[in-house]
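2 protein chains.
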Amino acid sequence: MKAAIDEAKKSLGTGGIPIGSVLVKGGEIIGRGHNKRVQENNPVMHAETDALHNAGRIGSYRNTVLYSTLMPCYFCAGAAVQFGISKVVVGESKTFTGARKFMEDHGITVVDLNLPECIEMMEKFINENPKLWQEDIGEL
Amino acid sequence: MKAAIDEAKKSLGTGGIPIGSVLVKGGEIIGRGHNKRVQENNPVMHAETDALHNAGRIGSYRNTVLYSTLMPCYFCAGAAVQFGISKVVVGESKTFTGARKFMEDHGITVVDLNLPECIEMMEKFINENPKLWQEDIGEL
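Protein chains in written order, with my numbering: chain A, 83 to 222; chain B, 83 to 222.
The set of hints was computed from the structure by calculation and includes no laboratory data.
Any given hint could be a false lead.
Which copy is meant is left open, so a pair is good if it fits within one copy or across any two.
[Unchecked claim] In silico DSBU-like pairs for lysine-lysine, Cα to Cα no more than 30 angstroms straight-line:
{"#": "1", "residue 1": "Lys183", "residue 2": "Lys169"}
{"#": "2", "residue 1": "Lys213", "residue 2": "Lys107"}
{"#": "3", "residue 1": "Lys206", "residue 2": "Lys183"}
{"#": "4", "residue 1": "Lys176", "residue 2": "Lys206"}
Looking at chain A on its own, in the form it has when it is part of the complex (with noise of 0.2 angstroms):
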């Protein structure tokens, strides 16, 4: 998780909003991303996508970890569902509930850490950004 909340400072520190992912399998590292709308311009490129993106065509998703800053969304969500990851640990989901029964109701263990420094991040960027974050959401 610590490797996900560098990439979400990365993307803080380049101007975007701060969610960092990271892809395990074998305990270790295969793909590292951060939500890259902002950057790229790019409304595809969340965090996790961009992490999945990173990895490459690993094959088998079976037996890997999909760490994230924050609680998946839908869209996020539908690429764990649908490459067959196996976990998904996230750093809170109290900015953002996202779709953790729909991950769980298919299979997939999640695991919410909770973490102060997380919420924290999120919720002094949506503070100063409502609009940013309302687009990233799909709320607008």
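Chain A is already provided as a structure; the job is to place chain B on it using the hints.
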């Protein structure tokens, strides 16, 4: 739908998976895309995500229609749900049943045109490339 089929053919012509998609708003195509797993070695560039990527940051997705030659998988259906797309029109769902109920449960109108041209294109591709297709739908 003709533009989406053209995108699918473009993908096939460049060695890729023949699924195409366009995003329409106010009667105009604002984004075109096709599956780029092979061409860009990118597991998250499904046809629909590529069309959304190419449409850019459009703000609200209310009153948009997403056309795809094939019923969206959970990943792309998740994008439609999260972004708030109003309607999804597909060429077929015979070769892949996809996530129709998931989209309808979230208020999206789904229309299946059941087009022989789309069915034949995918049947031929899947028969000739079974492993690549299994990779694309996360069944390796």
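Consistency of the hints with the structure:
no., hint, result
1, Lys183 with Lys169, "both (13 angstroms within a copy, 24 angstroms between copies)"
2, Lys213 with Lys107, "between (36 angstroms within a copy, 21 angstroms between copies)"
3, Lys206 with Lys183, "within (26 angstroms within a copy, 37 angstroms between copies)"
4, Lys176 with Lys206, "within (13 angstroms within a copy, 47 angstroms between copies)"
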